[in-house]
Structure formats: structure tokens, C-alpha cells
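*Asks:* Chains as they are written, first to last, in our numbering: chain Y, 65 to 712; chain X, -18 to 475.
Read the hints as simulated data drawn from the structure, not as lab findings. Heads up, a few of these hints could be off.
Now the in silico label distances, taken between C-beta atoms and shown as ranges [claimed, not checked]:
| hint | chain 1 | residue 1 | chain 2 | residue 2 | range |
| --- | --- | --- | --- | --- | --- |
| 1 | X | L446 | Y | R521 | 48 to 54 angstroms |
| 2 | Y | V112 | X | V47 | 53 to 59 angstroms |
| 3 | Y | F78 | X | K351 | 26 to 32 angstroms |
| 4 | X | K351 | Y | T93 | 43 to 49 angstroms |
| 5 | Y | E66 | X | T35 | 27 to 33 angstroms |
Where chain Y lies over chain X, by a calculated footprint (3+ residues, C-beta under 8 angstroms) [as the list claims (entries may be wrong)]:
| hint | segment |
| --- | --- |
| 6 | 334 to 345 |
| 7 | 416 to 423 |
Reference excerpt, derived from the structure (chain X facing chain Y, CB under 8 angstroms, subset only) [unchecked claim]:
| hint | residue |
| --- | --- |
| 8 | Y271 |
| 9 | E387 |
| 10 | A397 |
Glycine included, every Cβ here is placed at the ideal spot set by N, Cα and C.
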Amino acid sequence: MEKLYLLVPLAPLFGAIAAGLFGRFIGTTWSHRVTIALVFVSLIASLVIFVDVLQGNTFNGSVYTWMVLGETHFEIGFLIDSLSATMMVVVTLVSLMVHIYTIGYMHGDPGYQRFFSYISLFTFSMLMLVMSNNFLQLFFGWEAVGLVSYLLIGFWYTRPTAIYANLKAFLVNRVGDFGFLLGIGLVLVYFGTLDYEIVFAHAGHMASHSIEIVPGQSWMLMTVICLLLFVGAMGKSAQFPLHVWLPDSMEGPTPISALIHAATMVTAGIFMVARMSPLFELSEMALTMILIIGGITTLFMALVAVVQNDIKRVVAFSTLSQLGYMTVALGASAYSIAIFHLMTHAFFKAVLFLGAGSVIIAMHHEQDMRQMGGLKKYMPITYWTMFIAALASAGVPGFSGFFSKDAIIEAVKFADIPGAGFAYFCVLTTVFVTALYTFRLMFMTFHGEPRMDAHTRDHLHESPWVVTTPLIVLAIPTIAAGWLIGPMVFGDYFGGAIQIHPEHIAVASLGAEFSGVIGMMMHALVTVPFWLSVAGIFTAWFLYIHRTELPGKIKKISGPIYTLLDRKYYIDEFYSWMFAGGTRSLGNILWKIGDVKIIDGFFVNGTARVVALAASVARHFQSGYIYHYAFTMIVGVFILMSLWLFYF
Amino acid sequence: MLFGFPLLSLVIWLPIVVGLIVLAIGSDRNILLTRWLSLIGSIAGFIVAIPLYTRFDPTLSSMQFVEQYVWFERLNVYYHIGIDGISMPLILLNCFITPLIVIAGWEVIRERVSQYLGAFLIMSGIVNGVFSSLDAVLFYTFWEASLIPMFIIIGVWGGPNRVYAAIKFFLYTLLGSLLMLIALIYLYHVSNGSFSILDYHQLPLPMMPQIFIFIAFLLAFAVKVPMWPVHTWLPDAHVEAPTGGSVVLAAILLKLGGYGFLRFSLPIAPDASIYLADMMILLSLVAVVYIGLVALMQQDMKKLIAYSSVSHMGFVTLGFFLLNDLGIEGAMVQMISHGFISGAMFLCVGVLYDRLHSRQIADYGGVVNKMPVFAAFFMLFAMANAGLPGTSGFVGEFMVIMGSIEVSFWYAFFAALTLILGAAYTLWMYKRVIFGAIANANVEGLEDISKREFLLLAILAVAVLWLGVYPFPLTEIMHATVDNLLLHMTHSKL
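From just these sequences and the hints, can you work out the full model?
*Replies:* So, in C-alpha cells, the structure goes:
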């Protein structure tokens, strides 16, 4: 079994090396064959491990020792339990589908092999992240997925917007990692190890420990650690205010938007917090913070999605909002529901993204929905798979998103910590907004009159099988995954992988009420979220099919509110003025004044000038005329004699 | 001594002797002979250094491979050399870099080749001498001697402003080391006429003399490292130096300063070191943050990397004065790693400079379109420079940040800012030089790297990745020595 664990991440790594270093020699076809085969191997191995874990065989062990320092061992190792096994299956499955899809999407691109190499490398890094049994390797995977994300956003490196977006993504993530690393540092100092098992086992003893970071202010150690770790999660999972990189990341090719910026990498933060549940459970303050950040992200990013016209940007803001949902679930101590939503979201969002990509191919890389419309009859497979995903996203009963989202809303209702009320308001309101923007996308793209030019319309056709197959395959769990809610969320599925403080009763109360999936659906029909969702779909229908002239009027009336949403609350502008501009000005001042004027100008060259000045005076004493020297000597002798007489 | 064979002396003198022979070839007519002889000599220099690692006993904290002969009997000056877990990795780094320098200058240097290569070989031997000297006079001789080849390399094969840069380099470093000489003479007197560095370690000293000695050494070492605010010679020297000179300067010569702290300041003046540790940490953090910000605004690639060097070396001095094992070993790893990465970064700039004869970022753009292989290597080294896990750049920074958080959260806070700043200045430069559409006709005419350049960058890439993925072997050899140093420092000398 242990060899199998190793095979899971290593297979995609070999694929990445094969396509990356030898892609030139083995050609395009063999590049995708090799990488796909190896990701497939990884998927099969993950499934085998998954089944094994279901039978109760967990594993926690080291692969090799990275470094030893005194008593502290830094290891590279795996922790295989239901949490990591779930993530492994999700990651490898979506990754495999995206690999296949890429054959169609990237066909003829000069960077074909490079692309396959990157996505395989990503799969490797992500697997290392989720399989880790310690903070160090977690950080490895954490930064490695960031690297691949950077490379892939900037994949089309001649586009100025792409290389701006990838730099921005990397730097914003680094801000998150900055906090994350400090959090890891505190764990190392106070626990003396970075191994999950030992840290979690001792977390209870540290619960009442407090530290002084600002002199005179005593803070709970756990709160500080958890907040710092959560800063990392905010960067990676694009939570407000570190969310700004994700919409721009859509500059990358669509397959990676699906794989990295929707299904897997951005959920790393969610996964991390769930993994750290034994720590987060000890700090109510941190949980409150998470609830509030998650709530803000859920609602305010969903609102932006309503006014976007770029099909990928709608989906991107939808991703932000859905990540907010997961974060809220974490804050409500409903870790299992967060992971459950992570899983359902991975499937339906991958379908939405890949479907959007399919539309973009058909539209000859046009992404503006105002130029689309009526695509339904040209692209039936894309339409129907996306329709399923849209229903799941809007939370219509029976589809996966319904179960996970409804569970989150209910869990927040039961949560009993500060901030829960605010978060509940946010997640509830967002149900309406989600249904609205999702079906706005569907209606604008697939329904109504075609608005594209005649040339494009004549060439419209369904995408090739390599594109549609992944859509169909992923549409299956988009419907079915939700039905697993009973065992996964309320059963003993996660076992010891997730620990919940007895006072945090949200999941327990939900579980007590839970009466099977059918019961849950029936119950939903009489609750607010369902009707909000219906209202959202209806509104979308009303505005974008029935009375298509209305959105323009609303836009005019709402004026500044529309502009505020369209400009994404001016956060980007503020950041680029404040941080990018501020840092550059500071750098310039330190350089031009600190280094050039003060250190070099005053001290270094100033010293040289003083020496030169002194020399120019002293030079006169060495004129070369004997009588000058004789005179100097006489003066000197005179002075010495006087001194001698005076003192002795 | 190994089986009675003076291995360490061989490591010092072999490159010097080969260097002298290369010098003796003289004229540029025998250019091929010069190059091959230098290459073979430098590789031989590396090979003879390997047993220093394989036969090193990592459980011992005492000096190994010790050789001791009388030099000036009347003054108690000995030819006394030996290495421990601190100096051995640095010697290996030096011997590893030297063949790369020879390869880097292979087709690039066409005038006065024998003098150029000879200077590097001789310098390589001298630097090994610095790292292994256990006698203060021997140390000082090697220390000052190492200035001369570098001064010549910048002054002769440098850029248009080379004379200013060479003199600035020389005066700056010379002034620093003069005070060290005074400190050494003082120590000679208080130790009743001993020049043995190991004797100085055991020498009881009151606080005030310790502080004076510390400051005298500090000036010498701080200039070399270089620490803020005595760093301004480095950007000038780098900008004017030829590629090989920059590589040696960054990869090797800066480490002399770092080594000095561990061999002299900390063990000879432990109480002063503890007393002044906060000041040293503060200066180091200024280097990390201030210089990081300055690096961001550089228009000249070499200047940018030079400032980045200063910022990364800030981690070295920061690590030393945390006075814990994570800090000191992290600083050591950072020194080795910085040797690989800064060397590689300067080689990358050299590759571009050899083609377009410009170091200005603005003259480039879209290089990846024409040089994809080069861009891939440069990406790796840029990421290593930004401290990405899995590369050597991460290991040292990680250890030092972990070490600083043990001492104070705020030290770690400011040190960790490098995560953001390092990525910002490195990747912003990378973006402007490598990414984008082809910027101008010159870039349009670029050709990808040759086999020779590929070899160079590939060797360094392997080193960077190896140290990042598996730093165990490197850290293992330092434990005993570092633990012993820390133990030594807990005993007050007052």
C-alpha cells in the first residue's frame, strides 16, 4: 500500500518531466498520451486507496527526512485518511478530465507540450499538498501550486494582461503565504515539531496559553496561530481582501481556470483549515473572523458576478462567492460540510468552466456574452451539461449543489458564535444572487436571439468529443455527488480527521434533524433558500428572456451602484495606488536618497573629498624646495624645544 | 592530514600552482592550451576537495585535516590549517564554482586569457586558504591577498567605469580589514604571543576589549558581507565586473565576511556578540527590507541582482545573531544556496549581456520568444531567488525565519517580508525582460543558449534543486560544529 501512496503523486510528476523536458523529442501526441496515462494511473491508485481508507486503513508515515535539527525532525511524509483520500480522488478525477479536455482546447497551440507538463506538475503539487502529514510539506505544496498557477496564468506570455495577472496572482498569494509561514513558525516554536499528529495531540494543552506580540497585549496563542494560518488560506482561496488575483487569473487558458482556479487549487485554503480543525476549534475568535470574511466574500463577490459580461469572469466571481460559502462553513465549525461543498463545487464548477471553454472555442475565442445568444441548438451537449451544473450551482433540490449549500445555510443558522448572524444573512441573500447570475449566464449565452456576426454563426458547431466527454463525465457527479451527504457529512466518514469542539453544535444539530436525502429535499420546499433560488431563476428569466430591454434601464437607473459593482468596488485601483505605487515610491526614496545621496554621496565620496581636501592643503608642505623643508624643520625644533623647556 | 598526505594543503595550493602555470603561458597565442589547462586544473581542484567531504567526521566539532608547520618561529607564526563543519562546505562551494567560472569565460574572454583565468585559479586557492587558516597571520595574508585578483579582474576586464568601481571595492574592503589587523595584534599581545585562532577562542577577555574587538572585526566583515550601510561598493563592483567576476564576487567573496563572523566575532567575543546581537539583527533586518525595496526600483539587471544579494546576505547575518541552531545553520545554508543562486543569476544576465551588450531591463522584453530554454532556466533561478520551496533559496530563509520567531515574533515578521519583496523584485524583472511580445529588433535576433551555456546552467540547476529537496547531507555536517559554537558561547569570557 505504501508504494501505492508514493505512486499517486509521482506518476503525474514523471508525466510533467516527460512532457516538459522531453516534449520536443516525443512530440505532441505522445506528450498528451504519456501525461494522461500517468494521471489515469494516479486516479486509479487514488481510488484503490480511497476504498482502502473506507475500510478503515489510514496511514501516517514519513517518506524521507528532509532535515534534522536538534530534536526537530523535518520530514516529507503522507497522512492518508478520509479527508486526504477524498481530496485525492477529486483532484485526480478533475485533473484527468481537464487533461483530456485540453487535447481539444489547446489543439495547435505552440505551447502544447508545455501546457501538459504544467498541468501534470500542478497535479503532483496539489497531491503533495493534500497528502502531507506535516506543515513543511504542506507549505511546499502550497507554494508549488502557486508557482504552477503563476506559470499557467501567464501561459500566453506575449499578452500584456496575462503577464500582469500572473505577477499579481503570485504576489497577492505571497502576502497570504507571509502570514501562513509566520503561523507555521509559531507552531514550530510552541510545539517543537511540524508533524500534524503531534501538534494536534498537544493542541489541547496549548489552548489556554497566551503570548504577547504587542507589548502589554496578551493574546491567546491559538488565536494568533489560527489567524496567521487563515491569512494563508485567504490568499490561496481568494477571500476578501486578498481575492483580487482570482478574477484576473482568467487570463490563463480555460482548462486551467477549471482545474486550478475553480476545482482544486483555490480550495487548498479550505482543505487546510479543515485539516487544522483541532487548532481552529480552540479559538472562537478565529472562527468568528473566518465567518465574517467568508460572509463578506460570499455576498459581495456574488453581486459583482451579476454585472459581468465576460462569460469566464461571471464564473470566476461565482467561484469567489462559492469559496466564501465554504469559508463560512468552516467558521461555523461545519468542516465536513465545507469539504462536501468543496467536492460538489469542484464538479459543477469544472463543468461550468469547461462548458464556458467549449462555448469560447465555438465562438472563436470571443468571451463577451453580449455577442452570444441562442447557442443551445448548435451545442446541445455543452448546453445540457452546463444546464445541470447551473441547477446545481443555483441549489435546486436534487442536484449536488443543493445538498451542500443548504447544509451550509442550516449549519450557520445553528452556529452559536459571534458573527454567525451576519454570515447567515450573507449566505441566505446570496442564494438569490447566485441563481440570478448563473441563469443570467445561461440565458444570455444559450437562449434568445443569436447576436454574433454572420461569419461566426455559420461556423458554430458542437465541440469535438475530447471536449464533450469530460463535460459528460463530470456532469454525473454534478447530479449524484450530493446524494452522499448522509454518510459523508452526518456519518462517521471523516472520523478522527476532523475534530469538533463539543460546544460547536452546528453539525451535530443538523445531523439530528437529518432524515435522508429525500426528506431533506421535501423539507427544502418549505424553506426560504429554495424560494430565493426559484426567485433568482425567475428574475433571470424575466430580465434576460422575457423583457430583454429591462437590464439596460436598470443599469441606467442604478447609476453609481452599477459602476461600483462594475469596478469591483475599486479595490484593484486602491491596491495598485496604495501598495504597488507606495512600495515603488518608498523604494525610490530609499535608493535615490538613502543610498545615492546619503551613504555614497555624503559618507563614501564625502570621505574621499575630505581626504582630497586635506591632501590639497598638505601638498603645500611637500613643495620640493630645500628652504621650505629647512624652515619647517626650524619651526618644528623650535616648538619641541619650547615644549621641553615648558614641561621639564 | 589524511594517511600522512597533506590533503588540505593540496586543496589550497593546487589551484594556485596551476594558476601560476597558466599565467606563465602568457600570450594569447596558446589560447586553447590556456583554457584547457585552466579547466583541468579547476576540475582537479574540485576533485581533490571531495575527500574533505567524504572523509569528514560529522560527529566531531574539532578541527579536522589539521596541518601545522612552523613559519616564523620567533613570532609564533605557524602554517596551521584545518577545517570544521563551518569551513568545509564553503571550501567545497568555492571549488565547485571555480570550474564553472572557467567554462563561463570560455569563449567570452578573448583578450589576456591566461591572466584572466590565472587570476581566478589563484583566487580560488587563496579563498580556500582563508577558509582553512587557523593562524591569524596566515589568515590575514590570505584574506588580503584575495583582494588583489578581484581588483585586477574588475579593473582590467570590467566595464566602462571599471576603475572607479575597482578602487571603491579595494579601498572599502581594505579599510575594513585594517581594523581587523589591529584587533589581531591586540589579541597577539593579550594572549602572550600567540597567533593561533583557536587559542583566541579560549582567551578570557573583559567586556570593553571584547566590544572593541567585536567592532574592529565587524567593520572588516560587514564590508565583505556586505551589511547595510556599508554595502554601496557591491552594486558598483558588480555592474563593472565581467560575468565571471560577478559570479565569484557574489558566490564566494561575500561568504568570507559571513565566515569571519563565525570564526572570529562569535567565539572570540561571545559576550560582546550577545550584548550587541540586537543591533546586528536590526542592521540585518534593515538590509532585508530596505535593500529589498531598493532592488525593486533598479533599472540595471546586475544592480538589481547585486541589491538582491545584499538583501539575501542580510539573512546570513540575521541568522548568526539569533544565536540559536536554526539561525546559524540556516545562515550557513543560506550562504551555500546564495552561492548557487546568485552565481546562476549573474550567469543568466551574462548570457544576455554577451548577446546584446546591455544590462538595462528596458532594452529587453519578450526574450522567451527567442530563447525558450534560457527562459526556463532563468525562471527556475528567479524562483529560487524568490525563495520558492523545493529550491535551495527556500531552505536557508525558512530556517532563519523559524529561528527568528523563536527570539521575537517581530524579527520574523520583518524577515518574512522578503517573501513578498523578493518575489516582487525578481519576478517583476523577469516579467519585463523575458515575458511579453518581442520588444525590439535586437531581441528579435537573439539565439538560444549554446551547449556550453546549457551545461553551466544545468549544473547549477541541479545544485539548486538538490539542496532544496534534500538539504539533509549539508545540514548534517554542520550540527556538531554549530552546537559546539553555541555551547562555547554560553560560557562567559568575562
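*Asks:* Hint by hint, say whether it matches the structure.
*Replies:* Outcome of the hint check:
1. X:L446 / Y:R521: 48 to 54 angstroms: Holds - the Cβ-Cβ distance for X:L446 and Y:R521, about 51 angstroms, lies within 48 to 54 angstroms.
2. Y:V112 / X:V47: 53 to 59 angstroms: holds (57 angstroms)
3. Y:F78 / X:K351: 26 to 32 angstroms: holds (30 angstroms)
4. X:K351 / Y:T93: 43 to 49 angstroms: violated (27 angstroms)
5. Y:E66 / X:T35: 27 to 33 angstroms: Holds: the Cβ-Cβ distance is about 32 angstroms, inside 27 to 33 angstroms.
6. 334 to 345: violated (count 0)
7. 416 to 423: Holds, because 3 residues of the segment 416 to 423 of chain X bring their Cβ atoms closer than 8 angstroms to Cβ atoms of chain Y.
8. Y271: holds (5 angstroms)
9. E387: OK, holds: X:E387 within 8 angstroms of chain Y, min 5 angstroms.
10. A397: Holds, because the Cβ-Cβ distance from X:A397 to chain Y comes to roughly 5 angstroms (cut-off 8 angstroms).
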